[in-house]
Amino acid sequence: MSSLHTLTISEAQKLLRGKEITAGELAESVFQRVNAVEEKVKAFITLTKETALLMADEAQKIIHVQGESGAPSFLGIPLAVKDNMCTKGVPTTCASKILRNFVPPYESTATSRLKKDGYVLVGKTNLDEFAMGSSTENSGFHTTRNPWDLTRIPGGSSGGSAAAVCADECIAALGSDTGGSVRQPAALCGVVGLKPTYGRVSRYGLVAYASSLDQIGPITKDVRDSAILLNVIAGHDPADSTSVPVPVPDFTKVLGRDIKGMKLGIPKEYFIEGMDKEVEHSVKKAIATLESLGAIPVEVSLPHTGYAVATYYVLATSEASSNLARYDGVKYGLRAGGKDLMDMYMSTRAQGFGAEIKRRIMLGTYALSSGYYEAYYKKARQVRTLIKKDFENAFQTVDIIVTPTSPTAAFKVGEKASDPLQMYLSDIFTISMNLAGVPAISVPCGFTSEGLPVGLQFIGKHFDEESVLKASYAYEQATDWRKRRPAL
Amino acid sequence: MKYETVIGLEVHAQMLTETKIFCGCSTKFGAEPNTQSCQICIGMPGVLPVLNKKALEFAVKTGLAVNCAISRYSRFARKNYFYPDLPKGYQISQFELPICEHGHLDIVLDGAVKRIGITRIHMEEDAGKNIHESASGGNYSFVDLNRAGVPLMEIVSEPDMRSPQEAVEYMKKLRNILRYLGVCDGNMEQGSLRCDANVSLRPAGRKELGTKVEIKNINSFKFVEKALDYEILRQLKILADGGRIIQETRLWDSVRNVTESMRGKEEAHDYRYFPEPDLVPMTVDQTWIHDIQSSLPELPDKRKERFVSAFGIPEQDADLMISEKSVADWFEEAVNLGGQPKDVSNWIKGDLMKLLNEEGKTFDECLFRPSGLVGMLKLINNGTISGKIAKTVFEEIYRTGKDAEVIVREKGLVQITDTGAIEKAVDDIIAANPQEVDRYKAGEEKLIGFLVGQVMKTTKGKANPPMVNELLKRKLSG
Numbered sequence: 001m002s003s004l005h006t007l008t009i010s011e012a013q014k015l016l017r018g019k020e021i022t023a024g025e026l027a028e029s030v031f032q033r034v035n036a037v038e039e040k041v042k043a044f045i046t047l048t049k050e051t052a053l054l055m056a057d058e059a060q061k062i063i064h065v066q067g068e069s070g071a072p073s074f075l076g077i078p079l080a081v082k083d084n085m086c087t088k089g090v091p092t093t094c095a096s097k098i099l100r101n102f103v104p105p106y107e108s109t110a111t112s113r114l115k116k117d118g119y120v121l122v123g124k125t126n127l128d129e130f131a132m133g134s135s136t137e138n139s140g141f142h143t144t145r146n147p148w149d150l151t152r153i154p155g156g157s158s159g160g161s162a163a164a165v166c167a168d169e170c171i172a173a174l175g176s177d178t179g180g181s182v183r184q185p186a187a188l189c190g191v192v193g194l195k196p197t198y199g200r201v202s203r204y205g206l207v208a209y210a211s212s213l214d215q216i217g218p219i220t221k222d223v224r225d226s227a228i229l230l231n232v233i234a235g236h237d238p239a240d241s242t243s244v245p246v247p248v249p250d251f252t253k254v255l256g257r258d259i260k261g262m263k264l265g266i267p268k269e270y271f272i273e274g275m276d277k278e279v280e281h282s283v284k285k286a287i288a289t290l291e292s293l294g295a296i297p298v299e300v301s302l303p304h305t306g307y308a309v310a311t312y313y314v315l316a317t318s319e320a321s322s323n324l325a326r327y328d329g330v331k332y333g334l335r336a337g338g339k340d341l342m343d344m345y346m347s348t349r350a351q352g353f354g355a356e357i358k359r360r361i362m363l364g365t366y367a368l369s370s371g372y373y374e375a376y377y378k379k380a381r382q383v384r385t386l387i388k389k390d391f392e393n394a395f396q397t398v399d400i401i402v403t404p405t406s407p408t409a410a411f412k413v414g415e416k417a418s419d420p421l422q423m424y425l426s427d428i429f430t431i432s433m434n435l436a437g438v439p440a441i442s443v444p445c446g447f448t449s450e451g452l453p454v455g456l457q458f459i460g461k462h463f464d465e466e467s468v469l470k471a472s473y474a475y476e477q478a479t480d481w482r483k484r485r486p487a488l
Numbered sequence: 001m002k003y004e005t006v007i008g009l010e011v012h013a014q015m016l017t018e019t020k021i022f023c024g025c026s027t028k029f030g031a032e033p034n035t036q037s038c039q040i041c042i043g044m045p046g047v048l049p050v051l052n053k054k055a056l057e058f059a060v061k062t063g064l065a066v067n068c069a070i071s072r073y074s075r076f077a078r079k080n081y082f083y084p085d086l087p088k089g090y091q092i093s094q095f096e097l098p099i100c101e102h103g104h105l106d107i108v109l110d111g112a113v114k115r116i117g118i119t120r121i122h123m124e125e126d127a128g129k130n131i132h133e134s135a136s137g138g139n140y141s142f143v144d145l146n147r148a149g150v151p152l153m154e155i156v157s158e159p160d161m162r163s164p165q166e167a168v169e170y171m172k173k174l175r176n177i178l179r180y181l182g183v184c185d186g187n188m189e190q191g192s193l194r195c196d197a198n199v200s201l202r203p204a205g206r207k208e209l210g211t212k213v214e215i216k217n218i219n220s221f222k223f224v225e226k227a228l229d230y231e232i233l234r235q236l237k238i239l240a241d242g243g244r245i246i247q248e249t250r251l252w253d254s255v256r257n258v259t260e261s262m263r264g265k266e267e268a269h270d271y272r273y274f275p276e277p278d279l280v281p282m283t284v285d286q287t288w289i290h291d292i293q294s295s296l297p298e299l300p301d302k303r304k305e306r307f308v309s310a311f312g313i314p315e316q317d318a319d320l321m322i323s324e325k326s327v328a329d330w331f332e333e334a335v336n337l338g339g340q341p342k343d344v345s346n347w348i349k350g351d352l353m354k355l356l357n358e359e360g361k362t363f364d365e366c367l368f369r370p371s372g373l374v375g376m377l378k379l380i381n382n383g384t385i386s387g388k389i390a391k392t393v394f395e396e397i398y399r400t401g402k403d404a405e406v407i408v409r410e411k412g413l414v415q416i417t418d419t420g421a422i423e424k425a426v427d428d429i430i431a432a433n434p435q436e437v438d439r440y441k442a443g444e445e446k447l448i449g450f451l452v453g454q455v456m457k458t459t460k461g462k463a464n465p466p467m468v469n470e471l472l473k474r475k476l477s478g
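Keeping their order, the protein sequence lines are chains A and B.
So the first sequence is residues 1 to 488, counted in the numbering used here.
So the second sequence is residues 1 to 478, counted in the numbering used here.
Heads up, a few of these hints could be off.
[Said to hold, decoys possible] Distance condition first, Cα-Cα at most 25 Å in a straight line; then the derived DSS-like pairs of lysine-lysine:
#1 B:Lys172 to B:Lys212
#2 B:Lys28 to A:Lys331
#3 B:Lys475 to B:Lys457
#4 B:Lys460 to B:Lys411
#5 B:Lys222 to B:Lys114
#6 A:Lys331 to B:Lys129
#7 B:Lys441 to B:Lys388
#8 A:Lys339 to B:Lys129
Hints are computed from structural coordinates only; laboratory data are not their basis.
Take these sequences, add in the hints, and give me the full structure.
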């Protein structure tokens, strides 16, 4: 069996352009790998092999005509897409029974940019229903397994995408990150996950969970691929009013630049009692590595960190309670019967939504209710501003901030499933960046004694993905973590 | 006890934009169900709204026309409720920070000017329409989303009106302004202008407002007055019996002419408004506001003043001339083409309005153009046709749109000014009416009118009346 599926984007591009391999061979290799391991990993909800092979043929024709120089960057590259991004003609379920049969007649901006660039869609990956969760256990269909240990969760909500990249079931993937949903599963699966600045990537076609926090990001095998993928999906989109019309640099340009003299903020609030010792150890070692590369660690304070989880769960659930109102059985998706309109509404939503969705809709509905709005929603918005200011203040003195991505490595399937609060705390280090809107990446920085990956998070200023990529690339190149593969 | 009525109106006006407020679908009325809808206005997963700048411009225009302050910083909010015609489960509207605030307009009632405050104007999207099949025996309903996403303005007045008549005047004035601005067609029957009223009573002289009742579904001017009259009487009866008014929402039933309770305060929706995260707040540029201000058309009040001062027509005539922008434009065009202002307004308010009313047509739909009237007035002034013949010519222009001259020629309606021909007709009439001639000669001078009439009749109205009069008098005195 060929091992083309283990390639990174940049490696595959080189081989495709050099005509050493064809897009068809690459796609075939990926699907062979899927055949071999998907039964164990369960990363996908929908596989699109037939159309993928057609897409690969099309790509190969263009590569053949264009030759080495002109080919767009994603011609023939097999990618997986989280199943909450609309793909025209391909089911988009959000891992929810309520959208089990939904086939969008339109394409999300992010995937349409990749499509224009000639990518090959491998399939749609599993997630926690509507991206609400940190383990994929909230998927309405099945739980994805961590390729490093199949008894453990891959993280979430983009657990399917992270596991698929980790298990080489695709070359790279797209995820979405509302409170850590790209970075946390990337950390738990030992791959690279980037959440761009809010407004950097269009949200058009991304099924909304919490609109003011959602952002699409790449999940890749290394930092270079993250930059390459961001290059294509980033940029202003007239169809998304919240996407920001700022110039998009070539993010690969900064890779390889040295980080001498770069000021590295270490927020004291992120190294706390109760944190997993092995995670703490890996992260501290990583900081030492960065120091050896010439970066200067500086202790900073993000004083409102302790309010982040509470703030997030008020704002995100409030927005979700409204965003999910459209699933009412009237226009598309599941419609359960009923004796009248109200009965139809209630049984459709009772049958269609899982327990976590209902919990969050109730939380959000409560927080927005008259009499509670001021105390919850409004207060949370005010705290959000304070959290944003924390970062602005810290970035007065440092160029980048470094933290662990997740307080623990991957936990066992079922371990936290019955304790939502414990589950919520798994995003404790990633939530603040969504509230502040700043970019952040997770890269592998070691393994626990049980052989589970640990993630290191780099956080940058608004629209300064370049510093994030530069620093994380320097760290990645100085270490060998990415070379370790799970023994599936 | 004597009670004072307090009324405030919430007017919903559909904006005359080509496309919907948050997507590119057409806003045309009357298309096949669901042919003017896309993934955005249907509320499919993952879609996002983008504000139609024309809608913002129309709201600003309206705000400026009714003396509002335009908010430099304004934003949309979500109003959450479930209903099949509301595809997203929320309506994108404005709550805090509406686009326009603190305006007013003046109404005139019995010659007195009264200022009605306008609290705010905000933008929002219209909902679709449920079509129930239960009437035809089915136990299901359809949803038509063509209207979903059509831009609306909600114009909220202060509780400044004290009678149904004032409310009607306010509605008429507001509608006229919207039509002058071209931002809304003002068609209440088709629902492009809708009105909810808040009504309360308080003992005369007291400052605090009484308990208010909201009345919905008032969709014609006639109903504004009827619904308010009914509701005031209903509340008066309750108070007279020593009862208390319950805060509630009532629905106007235009078939039975009553208002009926729809929901009480306890059942009132909690709309859970919160800022719309999919749309960034709007910062409205001052220079843009200035541009819109300077492009505003002349509004009814100003135009009336000018018609009185520049054209010298009486105030009552001016009121009629400005009552619709199309009428004012028609009037002014005719005057500019050389018509005497008073003649023009007389013909408009008399014959033209009568003919249009008979057919239920508007000035825009009318074949009769101002040039036609001016052409006809020239023929009257140069003696080609008499005022009486003119009525016939006028109707003919109205029906065919032809020039007055052509009609006069084709129908042989030219006035007879040939003395010989008139003299013959006069002689014939004198010969045919010996009794009347004798009585006239005996001093019954008013009979001259009868004799002139007879001559006009035999000449089919074409004889020049002053000439007939003069000839008759001369012959009978001889």
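Each hint, compared with the structure:
Among the hinted pairs, Lys172 (chain B) with Lys212 (chain B) is consistent with the structure: their alpha-carbon atoms are about 23 Å apart, no more than 25 Å. At roughly 22 Å between alpha-carbon atoms, Lys28 (chain B) and Lys331 (chain A) fall within 25 Å of each other, so this suggested pair holds. Between Lys475 (chain B) and Lys457 (chain B) the alpha-carbon distance is near 19 Å, which keeps this suggested pair within the 25 Å criterion. A threshold of 25 Å between alpha carbons decides the hint, and for Lys460 (chain B) with Lys411 (chain B) the separation of about 12 Å falls inside it, so the pair holds.
Note on Lys222 (chain B) and Lys114 (chain B): the hinted pairing holds, with a Cα-Cα distance of about 21 Å set against a maximum of 25 Å. Using a Cα cut-off of 25 Å, the hinted pair Lys331 (chain A) and Lys129 (chain B) holds, with the two alpha carbons roughly 13 Å apart. The suggested pairing of Lys441 (chain B) with Lys388 (chain B) is violated, with an alpha-carbon distance near 28 Å, which exceeds 25 Å. Taking the CA atoms of Lys339 (chain A) and Lys129 (chain B), the gap is near 21 Å; set against the 25 Å cutoff, the hint holds.
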